[in-house]
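Participant: Read top to bottom, the protein sequences are chains A and B.
The first sequence: position 328 = 328 (the UniProt record's numbering), numbered continuously.
The second sequence: position 76 = 76 (the UniProt record's numbering), numbered continuously.
Honestly, the hints are just simulated from the structure, not real lab data.
Glycine included, every Cβ here is placed at the ideal spot set by N, Cα and C.
Careful: at least some of the hints might be erroneous.
What the hints assert, rightly or not - Part of the chain A face toward chain B, derived, beta carbon under 8 Å: (1) Leu657; (2) Ala727; (3) His728; (4) Thr750; (5) Leu752; (6) Ala753.
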Amino acid sequence: MLYTLLAGLLVAFAAPLLYNWLGRYTVFPLALLPLCLFLYFCAQVPQVLEGGSILQSVTWVPELGMNLTFQLDGLSLLFALLISFFGFLVVIYAYGYLGKHPLLGRFYMYLTLFMTSMLGVVMADNIFCLFLFWELTSISSYLLIGFNHDQKESRTSAWQALLVTGGGGLALMGGLILLSIASGSYTFSGMILSGSGEVVTHALYLPAVLLVLLGCFTKSAQFPFHFWLPNAMAAPTPVSAYLHSATMVKAGIYLLARLSPVLGGTELWMTALLVVGGTTAVAGALMALQQTDLKAILAYTTISALGLLVMMLGIGSVLAIEAMLVFLLAHALYKGTLFLVAGAVDHSTGTRQVSELRGLGRNMTYTGIAATLAALSMAGVISFFGFVGKELLYEASLESKVFNWFILGVNILAGITFVAVATLMSYRLFWAKTCHPTALLHHASPNLYLPPLVLGLIGLVFGLIAGLFPAPLLERAAVSILPRQHVHFELALWHGFTPVFGLSMLTLLLGYLLYRYLPGLYKTTPRLQKLYRYGPDSLYQAGFEGFLKEAKQFINTLQNGYLRNYIIYIVLFFCGLMLFVLWRDAPHVNLLGRADIWQELQLYEVILFVLVVAALLYILGTRSRLTSIVVMGLVGYSAALVYILYGAPDVAATQLLIETLTVVIFVLLLHKLPAFWYLSHQFRKYKFIAISILFGAVMTYTLLLVQEHAVESELKEFYGEASYLQAHGRNVVNVILVDFRGLDTLGEITVLAVAALGIFALLRLKPEKGGKP
Amino acid sequence: MRTIIFSTAIRLLTPVFLLFSVYILFRGHNHPGGGFIGGLIGSIAFVFHVLAHGANATARVFFSLTLYHYPRQAGHSRTRYFMQIMNANLRGRRKGYKENRWNYIFVRVRPVYIIAFGLLLAVTSGTIGLLAGQPYMAAFWMDVHLPVLGSLGTPLLFDAGVYLLVLGMVLKMIFTMSKE
Numbered sequence: 001m002l003y004t005l006l007a008g009l010l011v012a013f014a015a016p017l018l019y020n021w022l023g024r025y026t027v028f029p030l031a032l033l034p035l036c037l038f039l040y041f042c043a044q045v046p047q048v049l050e051g052g053s054i055l056q057s058v059t060w061v062p063e064l065g066m067n068l069t070f071q072l073d074g075l076s077l078l079f080a081l082l083i084s085f086f087g088f089l090v091v092i093y094a095y096g097y098l099g100k101h102p103l104l105g106r107f108y109m110y111l112t113l114f115m116t117s118m119l120g121v122v123m124a125d126n127i128f129c130l131f132l133f134w135e136l137t138s139i140s141s142y143l144l145i146g147f148n149h150d151q152k153e154s155r156t157s158a159w160q161a162l163l164v165t166g167g168g169g170l171a172l173m174g175g176l177i178l179l180s181i182a183s184g185s186y187t188f189s190g191m192i193l194s195g196s197g198e199v200v201t202h203a204l205y206l207p208a209v210l211l212v213l214l215g216c217f218t219k220s221a222q223f224p225f226h227f228w229l230p231n232a233m234a235a236p237t238p239v240s241a242y243l244h245s246a247t248m249v250k251a252g253i254y255l256l257a258r259l260s261p262v263l264g265g266t267e268l269w270m271t272a273l274l275v276v277g278g279t280t281a282v283a284g285a286l287m288a289l290q291q292t293d294l295k296a297i298l299a300y301t302t303i304s305a306l307g308l309l310v311m312m313l314g315i316g317s318v319l320a321i322e323a324m325l326v327f328l329l330a331h332a333l334y335k336g337t338l339f340l341v342a343g344a345v346d347h348s349t350g351t352r353q354v355s356e357l358r359g360l361g362r363n364m365t366y367t368g369i370a371a372t373l374a375a376l377s378m379a380g381v382i383s384f385f386g387f388v389g390k391e392l393l394y395e396a397s398l399e400s401k402v403f404n405w406f407i408l409g410v411n412i413l414a415g416i417t418f419v420a421v422a423t424l425m426s427y428r429l430f431w432a433k434t435c436h437p438t439a440l441l442h443h444a445s446p447n448l449y450l451p452p453l454v455l456g457l458i459g460l461v462f463g464l465i466a467g468l469f470p471a472p473l474l475e476r477a478a479v480s481i482l483p484r485q486h487v488h489f490e491l492a493l494w495h496g497f498t499p500v501f502g503l504s505m506l507t508l509l510l511g512y513l514l515y516r517y518l519p520g521l522y523k524t525t526p527r528l529q530k531l532y533r534y535g536p537d538s539l540y541q542a543g544f545e546g547f548l549k550e551a552k553q554f555i556n557t558l559q560n561g562y563l564r565n566y567i568i569y570i571v572l573f574f575c576g577l578m579l580f581v582l583w584r585d586a587p588h589v590n591l592l593g594r595a596d597i598w599q600e601l602q603l604y605e606v607i608l609f610v611l612v613v614a615a616l617l618y619i620l621g622t623r624s625r626l627t628s629i630v631v632m633g634l635v636g637y638s639a640a641l642v643y644i645l646y647g648a649p650d651v652a653a654t655q656l657l658i659e660t661l662t663v664v665i666f667v668l669l670l671h672k673l674p675a676f677w678y679l680s681h682q683f684r685k686y687k688f689i690a691i692s693i694l695f696g697a698v699m700t701y702t703l704l705l706v707q708e709h710a711v712e713s714e715l716k717e718f719y720g721e722a723s724y725l726q727a728h729g730r731n732v733v734n735v736i737l738v739d740f741r742g743l744d745t746l747g748e749i750t751v752l753a754v755a756a757l758g759i760f761a762l763l764r765l766k767p768e769k770g771g772k773p
Numbered sequence: 001m002r003t004i005i006f007s008t009a010i011r012l013l014t015p016v017f018l019l020f021s022v023y024i025l026f027r028g029h030n031h032p033g034g035g036f037i038g039g040l041i042g043s044i045a046f047v048f049h050v051l052a053h054g055a056n057a058t059a060r061v062f063f064s065l066t067l068y069h070y071p072r073q074a075g076h077s078r079t080r081y082f083m084q085i086m087n088a089n090l091r092g093r094r095k096g097y098k099e100n101r102w103n104y105i106f107v108r109v110r111p112v113y114i115i116a117f118g119l120l121l122a123v124t125s126g127t128i129g130l131l132a133g134q135p136y137m138a139a140f141w142m143d144v145h146l147p148v149l150g151s152l153g154t155p156l157l158f159d160a161g162v163y164l165l166v167l168g169m170v171l172k173m174i175f176t177m178s179k180e
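If we strip away everything but chain B, and leave its shape as in the complex, we get (with noise of 0.2 Å):
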């Protein structure tokens, strides 16, 4: 399924596609829509994508960030060293310094850290109401009414530890099956 037209499609549609995941995530308490709708709706965002262009790609594009940085010189002006790293980790460009001394960190964020995230997430939600001394998982609401978000709260945060939780084991699955 490796067409030009469709690959080209699913990368403009992808960030539209996992903003409107988040959209239903937040909608849902007030209309249809919620945690679990939303994870799916964001899966199937990266299940296109692997579609398109293939499992790796998808996890090194938004699944792995690599960060890059060198040892700084001694009477190197501070300044000018953190806007190369800035250069370097922001738009992509290692100049000002020996191209290949650049150092870099990998970091893979594997789909079971975003299903055990999202776990962590729902669990703690709910031991807010513990500590304020009422029973587990009661709800707290902000006094605060955002335009498209509408109110937040703690089940918000519960049903944003869902929609992690789908979103990874998804993920997971698809991950595995289209290694090999």
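Next up, chain A with everything else stripped away, as it sits in the complex (with noise of 0.2 Å):
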């Protein structure tokens, strides 16, 4: 399974080059890849399907749990057939979406790395595995919406997306961390072993689902985080129907998927995904009502199916992760299929509106004919496998024990919803009769409209033969999802002329109806514009905004341009931080119990003292620059002084070297100098000095703190000993800085280094006219 990803990323990053060196035919090697994968994903189903799972691991690093642990059981292989296969779809479609953009190999390159991030999600089994997978998905979406990257519009989607996503990632690994922390394991297989009752009662149970809620929500375009989904319909369109709607976005279900043993069957649990579920399926099916772009309109019907997912694994009896599974990889199905489809047409004709699009189906037969396959199994007509993913959700939510009427009317007002859709999406786009049919710019290539065929096919095969070849599979996922439980699963097209049945038919019926009366809604939309004002897409931007315009402001008032309000803002935070730690649990220092120490005193001391205390009185009053340097340098020099006295002969050495160079370096610089002149107040200078007084005062109370309570250490001895006898030196200071603790004089140097270039740019930088003193 490992190298499966390496392969992936491997091919993901010689995509550019690949592109440089085969042209348009870079589509063969990069099919090929998702192929080989869904070839060996395949080769695993028999194994899986006899009830094993398939572990790897690869020690990473260890002491902290972190291991490329990966396993593949139902759940896992189901994502990663229905990933590895629609990444070769797509990657055939972008060929012919694509076509001659100058940027087919980079493109690639991000589709391959999401691929490969994707599957890494579903076969991690380790946390931290996952995490990163998890994130890489971020970021390989947030490049592929940017695509078109001299769009604005790309460019604030794909930010969009990747703040959203990225900070449900945080709160995610958070949850985790705290996961791991109450069941003690950082496996996924670990946690299902210890059970869940240890998890649920633990204290940090609360926090940990929050957590896990929150990043699993934003990844599946949960409301209130349901915004950058439509937005990031910036994407070309082959991203859209593989990250969008088909893969990425049900990343977040996967995960709910995968934790609830370990978390659900609480009240909090399926609380929050029947509510938060439930309100996704409703304002996605209401929202998408008033769409006239098809991408959008897919996009919001999208949300309201991963609401319906959702809810049904709040629900978590077996009927529902059964009627959760044959949906989601329905709606794969057909979604993918249409967004395909709204390509072709976007494609082929130069525009997505549904107003402007009208009897395509005579141009573009094979397109109609897939969007039609894909519609159906939407609207869920009997003999297509979304008729059985309906006909399990309706049954599912007539079973649940809580709610059972809200989870049941969300359900139908989604289905009359998709109906709806579905209806525009095939009939009233292909099919229906009109004088005016849109003109097609040029017809589209193969690439085009077979990936949609195969995609429509499949989801009318799957419903022919639900008994027999998706099911096996589904209900090994479903025992991934539920381990403790009897899971059998007895997929039927015809289940009689039962109550489920009668509604399905209304459905269809109301279905209908409403699409009849889609652009009598249509009018009304302008009206509801006032109300997404206040909507969470909005809050975002201006609190984007407000955010970025604040660090402005925050930065322009710390960062002001003056090297001394620098210095001040870090010696202030130094001494608050210095001054807090010694209020809070720093003994007193007995200043009393020294007072013998001055008639230790020797009289060099005293001079050096005087000598100090007098050059640094003269520094404050002297107007001379020179003056000054040359002060500093003479208590420079005397504090290398009492470092020799001290008994401190490498200090005082670079000490005395040090004050040499500031020195000289100050005289080069000097004459390069505006005359001296007061720019500010003089009571600018008092609070200078205070300021001094006030650090040298906390250092010299906390230096007197430091000695009176010495700490106990046997590491001079040991330094002492070691040094010659395991480092063959004499000095001990050396051999520390070079031998024992070389690595931090390495960290060290690294500093300089990247200083001395940061010098060279200030140095060189020349001030713009005008510009601060």
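Hey, can you piece these two chains together into the complex? The hints should help.
Facilitator: Right, dumping it as structure tokens:
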């Protein structure tokens, strides 16, 4: 499994190179990769169907529990098959859609990178491994949404998607870590083994659940974080079809399903999923009806479908999980098809507005057939896989123990909307009689209509043989979600004339009626615009802009270009921290007990002290730069003398040299500075003096404290002995620097090198005219 | 400060300073000294040179190398050709060939290169331990004892990296500041 990911990464980063070599034929190696992956996963199916799961582990940072552990069980395999198969189709489709785009190589790189990271997400067993790939999907999705980077809309949408899903990712990280603390395991399989009772009753359960839910809801575009998904439609259509309907947005669903044996079963879990999922389903359905852009309509119905999936997970019964899995597969099949169809229509006609598209069936027959197949599945017409899904959804909601009327209502509402949208997407676009069919710019190439056709047909075939093929795999997937229950699936197309069938027919009828009234609905849409001003999207925009503005203002105040202010901030902040720590838990210094130290005072100490203080006082009064530099040098040399007196020759030598260099460098610079002038009020000077005194006092006090409460340590003896015996050096200071703590020194000199480059940049900076002095 | 006495003294003293700084670098392991101090002393040598002669002169004298050469003609004795090249490069006498046909390669060692090389040296000194299967930066000592310099080992290499880095950094600052 690790090799599948490695192959993916390799191919992803080789894609631009391949594009340089092969030009438009890059599509062949890149389509080959997902095809091979798909075949590989197909080959694993028998083993998983027998009830086994494939585990693979590579140690990475075992001390922190970070390992590349992968597990391929029913749920993972279902997703992996979906991802690799869709990946294959989308790569082919993208070739037809983007065609001669100069950045096709880069596009394939992002796409393959995304596919690999998505495979990583569904196969990961270790939480850190999952998080890594989870973030990779966010980043590659950001790159894909912003693929048309010359358009502002693409860029802002990409930003938005990254911020929302990335923010959710952070929450998820926290949640997963809390979860691992609560369950004592870093792997999902370990968490499930340790049993949910332990986690559910743990004190950290509530924050863990909330954080995990936040991560999953942002990823799966649940209300109120749904707004990024319609905006993400700025991406090229293959991306929308792949990421934003079939795979990435389902990552949240996947994780919820994966964690439901650990976290699920509680009131909190159930209520949160039902309420959020229900709200999302209703909101998505209502908003889908107000859109006239094909991709926007599909995006909002996707949101609605995701809401339904979350709701089913919330119910958590065997039937609900069965419904969830069947609907997930059906939705991926038909929604992917419809997106691809929308892309083909957009490509061929140049528009996505419903009102401008009529009678396309005559010229785009195959695309039309694909759209019709998918739409019939979406509407839930019998003999299509969508029908099986819809029946199960209704059945599961009727059977639910809580809120069952609410759930059923949401389901029916979403179902009616789906029927209306499906009719719109197929009948209205392709087959409705019209005198003025929309003119085509060009005919759709096979690359554009074959992938949706294949997907649409699969939707039909799965419906016909529902019990034969998808059922066993879905059953294994359900076992992964409900490890402690007996799961047995029997998918059948025909259940007889049950109430559920009646509901299904009623949905179809109401959906068709809704479709008839859609044009009327569109007229009322503008009136609702006011409402959106307070929607999450506008709130996000306002928050984002406000944040940027405030940040700019904050930086302008703090980093105003005056070096002295920077130093003041640093010094004051440091003093504040020190004083806080001293006030909180430091013992008091016994100053009186130190009085007798005065008697041991040596004459040279007094002389040095007087010298330094006199020099400092003199500096405060002088107005000549040269004088102050020389006097500062004097202070520095005195400090060096102090070091020598107390037996630190290395430090003293360094201090001496540094002082010399400082004075020389200052002298070099001196004649370039403007004449000395008080630019600010004299009061400033006293402020600086006060800050300096504060800093000095804090440092002195701290040093006294350290001296009084010296930490007993064997370090000194150890270094004293080991430096000669082990490190062959008699100069302990130097041995510590270059040998014992060599890595620290390496870090320091690296900082020094970077600082040198920074100084260079600063000195060569030509200040603008009229800039701050 | 460009007095004749100062310039002349500095011209004589700079090599002495440099020699001293290298000595400090080597003795650091057993006595006060080391790469940092050595590097500072070395850089002070150059700083004084800059003060006395100007940054351009310092860069020309110490941090650039001009290699002279000319294409060898057919039938020209190899030994003679070699001798002429040596003469031109080491003694600065470009004779024996048309004077204006000498080509030259101008190599300039910028302070940033010194910084980078120092960092590289410090980093590589640690990898020797890594290659021997021990932790990064494990020390290795050679079993020789040189008269003035003491024994040789990877920490010394590390210290030399520090020396070069400090030297390069001060040079960079001085050269940048004295320009314009």
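Participant: Now, for every hint given, state plainly whether the structure supports it.
Facilitator: Verification of the supplied hints:
no., hint, verdict
1, Leu657, "holds (4 Å)"
2, Ala727, "holds (6 Å)"
3, His728, "holds (5 Å)"
4, Thr750, "holds (6 Å)"
5, Leu752, "holds (6 Å)"
6, Ala753, "holds (5 Å)"
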